[in-house]
Amino acid sequence: EADIYQTPRYLVIGTGKKITLECSQTMGHDKMYWYQQDPGMELHLIHYSYGVNSTEKGDLSSESTVSRIRTEHFPLTLESARPSHTSQYLCASSRDRGGVAFFGQGTRLTVV
Amino acid sequence: GQQLNQSPQSMFIQEGEDVSMNCTSSSIFNTWLWYKQEPGEGPVLLIALYKAGELTSNGRLTAQFGITRKDSFLNISASIPSDVGIYFCAGQLGSQGNLIFGKGTKLSVKP
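Here the protein sequences line up with chains R and H, keeping their order.
Position 82 of the first sequence, counted from 1, bears residue number 82 in our numbering, the numbering being contiguous throughout.
Position 36 of the second sequence, counted from 1, bears residue number 36 in our numbering, the numbering being contiguous throughout.
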């Protein structure tokens with residue numbers, strides 16, 4: 001069973017606010033990912049990390065930023081939220097570089 | 001970038017029927033994975049395949065890694081209402097590449 005947690009599960013926030021989505025895993029996985037997904041649609045990789053102090057941009061350009069100061073923690077930040085950022089954000093981790101990824105439950109973000 | 005073609009896009013079936021979906025690509029993959037996602041949740045791993053020709057079952061689910069390493073299929077036998085959800089295939093290029101996801105197959109089961 002995967003032990004990867006995202007908070008909050010749901011967030012409704014006004015335009016222009018700064019937000020941070022939290023993601024933590026207790027499996028000691030080196031690689032972590034953030035995906036953006038509109039309801040019922042495909043997953044788009046927006047950020048990933050190979051380990052501490054490593055961050056890379058994914059296939060889909062995103063205005064969000066990420067940091068990886070600790071192995072278990074991979075937060076995503078939006079400095080100024082806009083309605084176009086409304087989506088579901090999924091965090092995942094994997095033991096190896098690539099391979100099986102385990103997902104959190106997601107954060108459903110709505111920017112009004 | 002690389003793409004996986006997943007089909008069908010959606011399926012509406014009667015409870016008890018068998019289901020089949022597949023993913024194909026022009027690229028060779030090292031690993032094929034199948035996930036299920038229910039509304040409001042993250043994807044959950046169903047089956048992982050690591051060798052060409054490998055056939056793996058998980059309860060009523062069976063998946064195969066194609067011989068050419070360019071495709072995979074997932075079968076669900078005797079579907080039940082709780083099978084409803086979106087099924088995603090994912091493939092890994094090389095030993096260290098990021099996963100590439102298909103666009104999903106949305107399954108609806110009528111009781």
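Please keep in mind that the hints were generated in silico from the structure rather than gathered at the bench.
Since the structure is predicted, the reported quantities are computational estimates derived from the model, not experimental observations.
Careful: at least some of the hints might be erroneous.
[To be verified] Distance ranges between label pairs, derived from CB positions:
no., chain 1, residue 1, chain 2, residue 2, range
1, R, I69, H, S57, 24 to 34 Å
2, R, Y10, H, E17, 31 to 41 Å
3, R, E79, H, G40, 19 to 29 Å
4, R, N53, H, G53, 23 to 33 Å
5, R, I13, H, I67, 32 to 42 Å
6, H, G53, R, S67, 39 to 49 Å
7, R, N53, H, S95, 32 to 42 Å
8, R, S61, H, S95, 23 to 33 Å
In this text, a Cβ means the ideal position worked out from N, Cα and C, and glycines have one as well.
Non-conforming hints, listed in increasing numerical order: 1, 4, 5, 7
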